[in-house]
Structures are given as C-alpha cells and as structure tokens.
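> Chains as they are written, first to last, in the working numbering: chain A, 1 to 191; chain B, 1 to 220; chain C, 1 to 219.
I should point out that these hints are in silico values taken from the structure, not numbers from a laboratory.
Any given hint could turn out to be false.
A few chain B positions that, by computed beta-carbon distances, are all more than 12 angstroms from chain C [stated by the list, open to error]:
no.: 1; residue: Val13
no.: 2; residue: Gly15
no.: 3; residue: Ser18
no.: 4; residue: Gly27
no.: 5; residue: Ala29
no.: 6; residue: Asp30
no.: 7; residue: Gly73
no.: 8; residue: Asp111
no.: 9; residue: Glu129
no.: 10; residue: Asp136
no.: 11; residue: Asp141
no.: 12; residue: Arg163
no.: 13; residue: Lys176
no.: 14; residue: Lys209
no.: 15; residue: Ser211
Derived SDA-like pairs (lysine to any residue); straight-line CA-CA distance at most 20 angstroms [what the hints assert, rightly or not]:
no.: 16; chain 1: C; residue 1: Lys65; chain 2: B; residue 2: Pro183
no.: 17; chain 1: B; residue 1: Lys90; chain 2: C; residue 2: Val71
no.: 18; chain 1: B; residue 1: Lys34; chain 2: B; residue 2: Gln60
no.: 19; chain 1: B; residue 1: Lys34; chain 2: C; residue 2: Lys100
no.: 20; chain 1: B; residue 1: Lys176; chain 2: B; residue 2: Gly157
no.: 21; chain 1: C; residue 1: Lys65; chain 2: B; residue 2: Leu75
no.: 22; chain 1: B; residue 1: Lys2; chain 2: C; residue 2: Ala93
no.: 23; chain 1: C; residue 1: Lys94; chain 2: B; residue 2: Leu32
no.: 24; chain 1: B; residue 1: Lys39; chain 2: C; residue 2: Ala97
no.: 25; chain 1: C; residue 1: Lys65; chain 2: C; residue 2: Val78
no.: 26; chain 1: C; residue 1: Lys94; chain 2: B; residue 2: Leu110
no.: 27; chain 1: B; residue 1: Lys34; chain 2: B; residue 2: Ser18
no.: 28; chain 1: B; residue 1: Lys34; chain 2: C; residue 2: Ala93
no.: 29; chain 1: C; residue 1: Lys92; chain 2: B; residue 2: Asp111
no.: 30; chain 1: A; residue 1: Lys125; chain 2: B; residue 2: Trp28
no.: 31; chain 1: C; residue 1: Lys65; chain 2: B; residue 2: Lys176
no.: 32; chain 1: C; residue 1: Lys65; chain 2: B; residue 2: Met1
The beta carbon of each residue, even a glycine, is placed where N, CA and C say it ideally should be.
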Amino acid sequence: MELFGIFITAALINNFVLSQFLGICPFVGVSGKLSSATSMGMATTFVMVMASMVTFLIQHYILEPNGLGFLQTVAFILVIASLVQFVEMVIKKVSTPLYRALGIFLPLITTNCAIMGLCLFAVMKDYTFIQSLIFALGAGAGFTLALVLMAGIREELELANVPGSLQGAGITMVVAGIMALAFMGFAGMKF
Amino acid sequence: MKITLHMLATLIVVGMLSGGGLSLMNGWADPLIKENQRKVRDEAIGFLVPGGTPEQAVDQDGLSAWRVISPEGDLKGWVVRYAGIGFQDKIDIMIALDPTRTEIRGLKVLDDSETPGLGTWIRLFPAQEEALLADDDRALDAALVDDTKNFPLQFFGYGDGQRLSAAGDLVVVKGKKRSELGPDQVQSITAATISSVAVADIVNAAVTKLSAVLAEQGGV
Amino acid sequence: MAKKQVNIGTEFAKGLWDQNPVLRALLGLCPVLAVTTSAENGLGMGMATTFVLLCASFIISLVRKLIPAQVRIASFIVVIATFVTIVDLGMKAKFPALSKSLGAFIPLIVVNCLILGRQEAFASKNNPFRSLVDGLGMGLGFTATLVTLGGIREVLGNRTLFGFQVLPDMWEPWIVMILPAGAFLTLGLMLGGVNIITQRREQAALKAARLSSLAPKEA
Chain A
1 MELFGIFITA
11 ALINNFVLSQ
21 FLGICPFVGV
31 SGKLSSATSM
41 GMATTFVMVM
51 ASMVTFLIQH
61 YILEPNGLGF
71 LQTVAFILVI
81 ASLVQFVEMV
91 IKKVSTPLYR
101 ALGIFLPLIT
111 TNCAIMGLCL
121 FAVMKDYTFI
131 QSLIFALGAG
141 AGFTLALVLM
151 AGIREELELA
161 NVPGSLQGAG
171 ITMVVAGIMA
181 LAFMGFAGMK
191 F
Chain B
1 MKITLHMLAT
11 LIVVGMLSGG
21 GLSLMNGWAD
31 PLIKENQRKV
41 RDEAIGFLVP
51 GGTPEQAVDQ
61 DGLSAWRVIS
71 PEGDLKGWVV
81 RYAGIGFQDK
91 IDIMIALDPT
101 RTEIRGLKVL
111 DDSETPGLGT
121 WIRLFPAQEE
131 ALLADDDRAL
141 DAALVDDTKN
151 FPLQFFGYGD
161 GQRLSAAGDL
171 VVVKGKKRSE
181 LGPDQVQSIT
191 AATISSVAVA
201 DIVNAAVTKL
211 SAVLAEQGGV
Chain C
1 MAKKQVNIGT
11 EFAKGLWDQN
21 PVLRALLGLC
31 PVLAVTTSAE
41 NGLGMGMATT
51 FVLLCASFII
61 SLVRKLIPAQ
71 VRIASFIVVI
81 ATFVTIVDLG
91 MKAKFPALSK
101 SLGAFIPLIV
111 VNCLILGRQE
121 AFASKNNPFR
131 SLVDGLGMGL
141 GFTATLVTLG
151 GIREVLGNRT
161 LFGFQVLPDM
171 WEPWIVMILP
181 AGAFLTLGLM
191 LGGVNIITQR
201 REQAALKAAR
211 LSSLAPKEA
C-alpha cells in the first residue's frame, strides 16, 4: 500500500512537471504532437527506472560508505549520460523500428532535469531500492501523462485562434499554468 | 590506437582533476557546513528553553533529545527534535517539554517545504519569536495575525496559559473557539489542515518515541 | 584567412536580449519556473548559474584543442558538474539560507541546457577571453530574466520585493503567483510580451530600411 502511495504521489500529487517543475524543456519542446509525446514519455520513463536503480547502488554502496557524498552530482550525471548512451546502443541493436521512433529523443534525455531530479529526490527522501524503483515509475508515468495531455491540447490549439505573440511556447506555458491549477486538486491526498 | 589512448588519457586527467579539486573544496566546506547546522540547532534550543546548557540524552533513529541544565545544575526542561512527512515533504521540528515531560512548552519548525502562504503558517513570525523571547505579552498581542495563523503559538500556551499535553495524544480540531479547546486539542490552520495535522502527528510521535527510548535506557 | 571577428560588444550583448537564453532560446526553463518565488531567489540562482557558466567556459575554452571530439561531451559534463559541486558546497557553507531556498535546483544546474549548449556552441570553438564574454552576456541575460520573473511573482504574491514591502497591506496577495500555476502563467505572458516587442522592432527596422531605400537619390 505504501508503494502504491509513492507511485500515486509521484505521478499525480507531486507531478514532476506541473508541480515540481522538472522536465520542462521536453515538455515545451516535444509536446507538439501526440505521437512524439508518447514516445518521449516512454523513453524517459525507461531511463528514469534504470537511472534510479544504478544511482541508488552507487550512492549507498560507493559514495556513502567512503564519505564521498560530495561527488554525488558528478557521479550521478555521468551515470545518466552513460545510461542514455547505453540505452541508445541497445535499442538500436535490438529493435530498429523502435529506435527510429525514439531515436532522436534519447540524447535529449541526458539534459532532462527530471532524471537528475528524480535521482536526487530519491536519495533525499531516503528511499529503499524498491521504493526508488516505484518512485521512478510514478515519476515517469506522471511525466508522460503531462506530456500527453499537453500534446492533446496543443493539437486542438492548432485549429484555434491563438494571438501571434503567444504562439508556440507562450500559449504552452499558459495552458501549463491552467493544468497546474487543475492538478492542485490532487493535493492533500494522503496514503 | 593513438586516438583511443588520447581519449582515455583525457578522461583520466579530467576525472582526476575533478576529483582532486572537489576533495579540496569539500575539505574546506564540510566543517563550515557542520558548524552552520550546529548553530541552527543551538539557537533553536536556546530559544525554546533559554538560560541553560543542553546535554544530549538521546540520538537514535532520527530522534534527538537534550536535557537543558541551568547554571545551578537543575533540569530546566527537555528539547526534542524529530521529523516527519508533511504536506509537501519533510517537516523537521523541535519541541520544548517541561522537566517532567508532561507538558509542551514550545515548538520550533526547523525545516519545511510547505505551501508558501498557507502551510508555512506552522512557523512563527519573526515578530512573534522576538516577543516570546522577551516574554513580552503586549508585544505578542501586537504580533498576532489572525486566529488561525497563530497555530504555533498554541504550543507555547499563549493566551490562557494552558499548556498542551505531552502524552502523545494531540488531536487537530477545526472551528472551535480558543477557550473551548482542551489540553490535547490543537486548532488547525484554515486551508492548511494537512500541514497542521502533520505537525501534531510529528509531535505525538516524538514524545511517544522519547518515552520509549528513555524507558529502554532506564533513565528518567 | 581570418574568420570575420564579431565585435566583442555584440558578443556580450547578444545574451541579454537577442539570444536571451530563456526568453528567446527557451533554455534552462526548469530553474526559471522553480526558484523564482522571489526576486532574491532568482538573483541567487542566476548568479550561481553564471558563475558555473563562466568557470566552465573558461576552462573548456582553455583546453579546447586538447580534448578529442569523441569524448568532448563527457569532458564538458565532468567540468560543469565539478563547478556545480563547488558552487553547491560553497553556498551551503557561506550562504546556508539561500542554499536552503534554492534546494535541489543548485545541483540541477548541471543539467541546465544553457551551460552545455554554450560549451558546445561557443567555448569549444573560441578563445578564453571571448568565451568569458559570451558566458557573461548569457549569464546576465539569464539572471535578469530570473530576477524579473521572481520580482513579478514576489510583488503580486507576497507584497514584497527583495523582502521589502512594496504594496500596501490592503492588497490581498495573489497566492497563486507563488504556486506553480502562477509561474507558468507569468512566464507565458512574458514570452508573449517579448514576442510583441520583437515583432515591433522588426517591423520598425523593416520600415526604416524600406524608407531609406526609397529615399530619392540625389541627382
């Protein structure tokens, strides 16, 4: 039950995009089309899950026992960058159609603050291995949800009369603001 | 081959410079950071039970407690530090207890990530803190905001001098007049019930845990 | 054959408006929204980021010819992460209150696409002096945007600016400004405003160009 709570909290109550301000760059950049939004969301979730596991091991078995906590930032970002490279190579070998669908988004994931943020938060909240894993799944799910919702809205907005100055990033931000207000409705749910 | 060696050499050099530089930086910063944390802790203890020296009695499982001894050698009170989940993230608090550990004498929120302007009312205003330090009731009256936002003052027995019970049974209520509240009842902050309940829960957990640990230790 | 050298003043100024990292290039949005709950936080974050940008640009520009192309991104990342850690530790030691307000977003400077972007696009291809100038311009543009956004949110949401009360007590603060929704909305409107100003300037420039080309040639 507690694990379910961690999942729901990361996905909805403390949604990474709309409440924690993580992953905004891809949120604005990739939410133009529904298909790219879904692909990016899934690729990000996958990297998040892997990253949470590896950074957990590094933090608890290498950094902390040796008093090297201050190397956390360097270590984590290297892990994430390497993971993304590795994931890209594996997907390329294993499934070319999948690679073609996700391909361009993968390198972008390295600078997605949501991944780094996820790893840092999991350590700050002192989660166990399993809790970090569920946390990553929830965060990824919430990220994907926000992206997909935004993409759906933006596709509709194409047909609307958005004032010239707000087209693109401007209206995306305004819509995001309204979505953030809506997601506040989840606030206070306790598990 | 030459290129690979070059690549490796670059990475190793960069890595070593980075590691070395950071070790130096950490060596300089770490004592300062620990000092900052100690200062915050000592100031909080000094605020909650002034005029004494703290002696650490408990430090396990996230619970810390100090006996505050007066210069004459008697026990002035206890200070307990504990943390728990609030609305957003962890809330880290310190509570002052009387020497018999049956009454709550004060509360200080050391760290919180509550909603600004709503959940953050669990903290005292600077003006209120000053008035409490100076033990000045008139200044305290002047520093009142509105009833619901005086949440933390309840832990200081403000108003009718009625102290809250330290039996670990605090309950958060809404919409009652101050005079109607019992010693185990705390008025919540309007629109920040979760934060209020969280604080009460943490206080309860802290006092219960303290009693358990002390009983184990065999002390008083 | 020498490359056409861009005027150093232009190199600096481009980061302030024309290529403002936040408002034109949409980089580094995460900290922009997250820490601008007050002008002071915006300033602190901006300066921390600028510091990392300057140090990283300088070092990377200094050694740009020594780093093989295949490992350049990895090297950039390590250099940037090192300076981010330095800033993080330094702030925790000397500015603990600010460090607490900015929270996890200090370590997150390492994934600010602005910094990596400048290394890739500029510092790895220019001398240290120009790289510093470029970094300074971009950093100041970034900081100015953060302070503006933080200022707006702070004034409307808390009645204060840099901690000083600037609106009368009668004004009921718009709490939404301090919350995520307010951040998004304000940034969106700012982007809209920037676009309007840019369009007007372009139109004015176009008009001036047209007028001057229509000017009667002196016979």
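> Are the hints correct? Go through all of them and say.
Against the structure, the hints come out as follows:
1. Val13: Violated, since 9 angstroms does not exceed 12 angstroms.
2. Gly15: violated, 7 angstroms
3. Ser18: violated, 4 angstroms
4. Gly27: violated, 10 angstroms
5. Ala29: About 4 angstroms separates alanine 29 of chain B from the closest Cβ of chain C, which leaves it inside 12 angstroms; violated.
6. Asp30: Since the minimum Cβ distance to chain C is about 8 angstroms, aspartate 30 of chain B lies within 12 angstroms and the statement is violated.
7. Gly73: Holds: least Cβ distance 34 angstroms, greater than 12 angstroms.
8. Asp111: violated, 7 angstroms
9. Glu129: Check passes; 16 angstroms lies beyond 12 angstroms.
10. Asp136: holds, 23 angstroms
11. Asp141: With a cut-off of 12 angstroms, aspartate 141 of chain B remains clear of chain C, as the shortest Cβ separation is near 18 angstroms.
12. Arg163: holds, 31 angstroms
13. Lys176: holds, 25 angstroms
14. Lys209: holds, 26 angstroms
15. Ser211: holds, 32 angstroms
16. C/Lys65 / B/Pro183: violated, 73 angstroms
17. B/Lys90 / C/Val71: At roughly 40 angstroms apart (the allowed maximum being 20 angstroms), valine 71 of chain C and lysine 90 of chain B break the hint.
18. B/Lys34 / B/Gln60: Roughly 18 angstroms between the alpha carbons, so the hint for lysine 34 of chain B and glutamine 60 of chain B holds.
19. B/Lys34 / C/Lys100: holds, 14 angstroms
20. B/Lys176 / B/Gly157: holds, 16 angstroms
21. C/Lys65 / B/Leu75: Violated, at about 68 angstroms.
22. B/Lys2 / C/Ala93: violated, 44 angstroms
23. C/Lys94 / B/Leu32: Holds, at about 8 angstroms.
24. B/Lys39 / C/Ala97: holds, 13 angstroms
25. C/Lys65 / C/Val78: holds, 17 angstroms
26. C/Lys94 / B/Leu110: This hinted pair holds, its Cα atoms lying about 19 angstroms apart.
27. B/Lys34 / B/Ser18: Violated: lysine 34 of chain B and serine 18 of chain B sit about 23 angstroms apart, past 20 angstroms.
28. B/Lys34 / C/Ala93: holds, 8 angstroms
29. C/Lys92 / B/Asp111: holds, 15 angstroms
30. A/Lys125 / B/Trp28: Status violated; Cα separation ~27 angstroms.
31. C/Lys65 / B/Lys176: violated, 73 angstroms
32. C/Lys65 / B/Met1: holds, 19 angstroms
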